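Novice: Quick one: dock chain against chain with the hints and give me the complex.
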Amino acid sequence: MSTTSQPAVLEAIHLSKTYAGRPAVDNVSFSIHPGEVLGYLGPNGSGKSTTVKMLAGLLSPTSGQILFRSERISHDLVSYKRRLGYVPEEANLYSFLSGWEYLDLVGTLRGMDRKQLAHKSAVMLEGLSLYPHRHTPISAYSKGMRQRILLIAALMHDPEVVILDEPFSGLDVISALIIRKVIAQLAVQGKAIVFCSPVLEVVEKVCSHLLILRRGVVVAHGSIEEIRSGTVMPALEDTFLHLTEQVDADKVAGSILAAIHS
Amino acid sequence: MPIKSQAASWLRSTLERPFPRLVAHFAATIFEGETAADDAEMGAGGLLGLLAVPGGFLSLMLFDKYSSLLQWLRGVRHFNIYTESLPDKYFFIVFSMAITGAVAVLKWDRILPGRRDFANLAPLPISARRIFAANLLAILIIAGVFAVDVNAASVVLYPFVVVANRGTVGELVRFDAVHACCVMLASLFTFLACFSIMSALMALLPYRLFRRVSLYVRVVIVIALVTLFATSYAVPALVQHLPASPEVALLPPVWYLALYQSLQGHATPELARLSPLAMRAVLIALASALLLSALSYRRCFMRISESSGGPLMRRRAILRLPAVFALLKSHFQRACSGFAIRALVRSEKHCIVLGGFAGMGLVAASETALSAFAQPKPTIPDADLLSIALILAYFTICGLRFVFEMPVELDANWVFQVILDPDRHESAAAARNVILTVIVAAIVVPSLAVYWMLWDWRVAVLHAAYLLALSLLLTEGLLVGFRKIPFTCSFPPFRNHVVMLVVLGVIGYSFFTGTGSEIEHWMMLHPLRFLWLIPAAAAACDVLRRFRNEIAPVDASLIYRDQAKATVTTLDLSGN
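Sequence order for the protein chains is A and B.
Under this note's numbering, think of the first position of the first sequence as 1, with each following residue one higher.
Under this note's numbering, think of the first position of the second sequence as 1001, with each following residue one higher.
In isolation and in its complexed conformation, chain B is listed as follows (with noise of 0.2 Å):
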């Protein structure tokens, strides 16, 4: 028998014996969705395909940077990549990092056996050291194959892009294996760091705390990665630096430069003293992901059966509504104005991604704070100032017309399909009910006090009232053809045109937070001019009625699943 076939046989007959079937089956369980229905996730070969993406695309983009044709046009004639590519490693570091964070926080409730697997193998003859055993081996290989896929396209073309005109082979292998041993590392690091911290708080809290808490813990790091990928545009410049700003050797990405740069032989000296607490980092978290996991096990998965409701229950849930709700006229707008405020605040997936966008807003609004208050305090507030509340409302905007967009029990719509008229509905009233409670409650009330504080009440209601009629334009905005009750719709296909989402969300950044607060600063020099406030907001109001009702006619009703347009359309001129 040829060897081939031999080690095929070998692979599935192995495959077949009990435990690695087990550890295949805590590998797939993690990769799955809640419920077949659920569209916003996806197979593990999509989620994989969509992890390494980006790395490849980053890789490419950097070619402009190393053509030694581009540097020579340029006039650059001595350029060394070793130094010269400080920033581009630490980006790469930190972007494995965040994306294997938010993998291990997505998919942290598969993570660990639940009441599901307690229920299909509790009763099958399977001792629990094996049920545990074969659950961390599957953990640990995902976290080997998240490091690898996440990192495979960058570890395939950075090096080449880097080395390819400038060096010999050896180097190019060189470079390779060291950018494929750091990056992995970190990735490897972040999820086990990640993964040690849930069976910690599962391990020390009780079931319905841990549930309760979890959910912040993760909100936490989501934001704490989006911060770590805010510092690759700084970082690097002060790690050249380090004695100067010591606090910046705390940060684990760093670790993993120093690491980069040791093997490459061309650390400082205060990064070769660092490198050493890459591998210890690895080695403790995953030390700890061993120990926690094993305790948290033993209290938790062995005691499924002794809880009544399982891990998720809550003993209560009552949530008052916003009392304006009560005011709306319409049936249909307060049904669902109510039920999408319960499903956002009540879903964990949503409040995470809802978690990164606001984290993505605190980021950029703290650096922009950061500097402008490093400044002598104006006498009325500059643009830097006033950009900040509208940094924070752009952003927690856009996260939730994202949400919307997620399906919540997508099973659970029929009552709307037997109940609703498709063809009138207020959906997008709706909608804009919820963003317009979050933003009032969480950045225009706090805004308004904040700048009562430090300037006076006519600033604090101007800015106020800035805020919410550029909020509410931006909302009508997003708005825009919207038929769907928030969360009651299968996944969109926004997936095909990503990039240009995210261009858009760049230059709608732009123009909201920079011209939006020159303008506002302009009109606070002389209060008067806020009148032109008024025509202003009629005439945007203006346009996107015309355009919402150019589009409207198209395509009007209530959908409940949303699908890709046909990239080929058959016209059947035939008549047949």
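Chain A with its partners taken away, still in its complex shape (with noise of 0.2 Å):
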């Protein structure tokens, strides 16, 4: 499904990050073709949701610059905007709107056609199992409820680029099964995507590249085989461990069990 022939949609040139003197993101560079879905991995701590943040024109960067189409996104903001679909890590909701008044606000601000908003709020909410539960305030709704209100409104205008930061989180099974599929569609159709996630076996399964970062540093990028076949482990958890420099996980289990016997 990934286009690499063509030119990029999404570039990050040299990003860097600094709070208060400190390197969040350091020097990280990547490019994402139409088609591609570049997993975005790493421990917490590491830089993810401020990359996703300068990506989604939320935050800006110290240094280096993001590319949409060649263009500097900071040139026309706005226009970059429009075709972005974001779904940021904590679903933070307006909770006395209901779903469908909070899809009608993000579709107004978006400058949809009335009827057009209407219509594709009704089939996604149905698809997602959310149409009867259109009126009901967000406040009465699940984490999972919320999420897929989330993905409904990041792509409901038909995005150019999509960033899902942790898209799956609170998902039941048959929710999150839909919403891969949905993301393999669009992978097919063109789109470029950013997908966060801390579990590692969907992003193996909805990801065709892979982008793993520590302490603000790209330590792995490419295909998820090419990544693989770099460290020489069959399994994606143990080359995250190995790049990641992850602390022993049995040694630690042991301590905790220790004091919770002591």
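Hints in this document: simulated from the structure, not taken from any laboratory.
In this text the structure is predicted, and so the values were computed from the model without any measurement.
Built from N, CA and C at the ideal position, the CB exists for glycine as well.
Incorrect hints may have been included.
Unchecked claim - For each label pair, taking beta carbons as the anchor points, the in silico distance ranges come out as:
#, chain 1, residue 1, chain 2, residue 2, range
1, A, His-75, B, Ala-1539, 37 to 45 Å
2, B, His-1497, A, Glu-201, 19 to 27 Å
3, A, Val-252, B, Asp-1411, 42 to 50 Å
4, A, Pro-132, B, Val-1213, 25 to 33 Å
Specialist: Here is the structure:
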């Protein structure tokens, strides 16, 4: 599904972000071509969310640049945002609105035609089993329901770039399966997708490419096969632990159990 | 070990035990905000500090009245501080009741343990009785802290201001003790009464109905408090002639004034008879608070796990927006106006604050209406009669402008940040749509009907047109420099210049309702004069437009975080 012969849709070039002098993201570069799903992996505090916020135009990089179709996004941020679908890590929604009202707000802000908005909302709500709950306030929604609303809001304007920060968080099996298929189809249609998730199995199933981050620095980037072959490890989990120098899980589990019994 | 460190060690070890820890947890819960990002809430220190200021400020303002030198210069030779201070004592009592009541209403949802407490505490090996006892103790401590805090400054300063030049130290101490006792009892009564009302509603009504009714009750309490506050000017005079107006004895602040005068030995026989009511009221409020909170706790807290969506849930949230919104061509205006209307209607905090403004308007308008309708009905309404709707409009517009600054679920505003162009926005237009929708629906249309019924259609239409024009001008004036989507920006730093805003508000009120109604009456006498309204409104709009254009290039972008301007700015002239 990846078409690397085509020009990149989204590029990050030497992207860095520092907070009070401390680098959160350091010299990160990558590009996404039409049809690619880039899995963005890294342990907690590795700079994933900071990168995602910069890609979504919510945060300005300290240095480096982000290009959308070879143009710096800062030159015309609004035009870039029009082509962007974004699901944030936290499902912060206006809980006093109903699901339908929230989609109406987002669709109207995006300038969508009212009839088209109503039609798309209804179909997508139905597809994700939310239609019967469309008039229920979001405050009564479960985490998975909120996540589904976020996904609909991010996709209903048919964006060219989709940034999904842990989109499966709280989703039930069926919804997760549907969303996985939707992502795969979007990739086939030529969308560029950035997919952040801490669940390695999901990343393996969804993504065509992988970028692994450790302490703000890229430690691996390429197709999943390339990364696996680079570390001579069959399982992605082992590769991830090897690259990010995570602690010995058995050892830590042992010390926790010792503390429980002490 | 020295006594001081022994005491500190005892206090530390006591607070570390489970029950005191639980009490401290509930006390802290009452103060905290809904979310970490909810800037509208302030911490315990900030809130207590803010509540303590007005009492001291008001006491100092009375120096002028009680200064013996100024009295002598005014030619006053006989000044009885105990009877002359009666209006001030009443004011301090009403003030302490109003402030404590307002805090109780604003912290209403945090007074009793809720779903979050249940989720965290129920799995722990703590009995339900223990949780209830800890919560109740925390409430009583908080009630006491509020009572002391709201009145602390006036307890120290007011008796000093009154007695300093005239009495002995003994008199000062006695005055101080009586003042402290009465204002704190009044505060305590108000807090416990509000708590009892809430507990009674919780004990009697089903969850969903309680949440719905609770909002209206809170708005009514706010309006009642504002009304009580408004009695500060009229009631002290009536209290001195109680037999002529016995209804005054029904007002709780009068009971505490009676106690005040009785303890000082300067009560009239009528006041002396009323004074026992003060203590009885506190005891009854305390007893009912204990009983009703036990009932409501048993009914609600213990059954939280049985309820699915929590107490705040509604089954369906459908709010038909005004049809006129669908005609708006701009997507920005349509989306943001609809969002603001829904936020306004569904946020309890905003409804209550707006209810406070509406309450002030209702009190002021009722006073004007009562005095105006006491006169024979004129063929053309006079300035007083015309000012009633203007008063209501003024408070409503100012209230709406104020609540627009209070954020709703600030964490969720990322959706606007991700989608909107900050440099091309119509935030003022969206805010104007909401204000005008509320004004037309709540004031212009009802006043059109009332003036039509009382006079004729010409008077009604002219008055409605004038009211709408003036409301539009006021709205435009208040929205100069407005560059936020209502409810999406962190709380502004206007706490820093609140006194100036109040002064401007008073001046604006007098101009809008006083001068405004005089001009309208002048035009009403010869309706052709209403034609003057067109060039006058155009000129005013032009002035506002010029003013807006002058400030627009400086700061025009949409903002989501309002920050106070730095007191000291580094110019960085070194160029490094």
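Novice: All hints are to be evaluated individually against the structure, with a verdict given for each.
Specialist: Results for each hint:
1. A:His-75 <-> B:Ala-1539: 37 to 45 Å: Since His-75 (chain A) and Ala-1539 (chain B) have Cβ atoms about 42 Å apart, the given range 37 to 45 Å holds.
2. B:His-1497 <-> A:Glu-201: 19 to 27 Å: violated, 57 Å
3. A:Val-252 <-> B:Asp-1411: 42 to 50 Å: Violated, since Val-252 (chain A) and Asp-1411 (chain B) (Cβ atoms, about 32 Å apart) do not stay within the stated range.
4. A:Pro-132 <-> B:Val-1213: 25 to 33 Å: holds, 28 Å
The structure shown violates the earlier hints numbered 2, 3.
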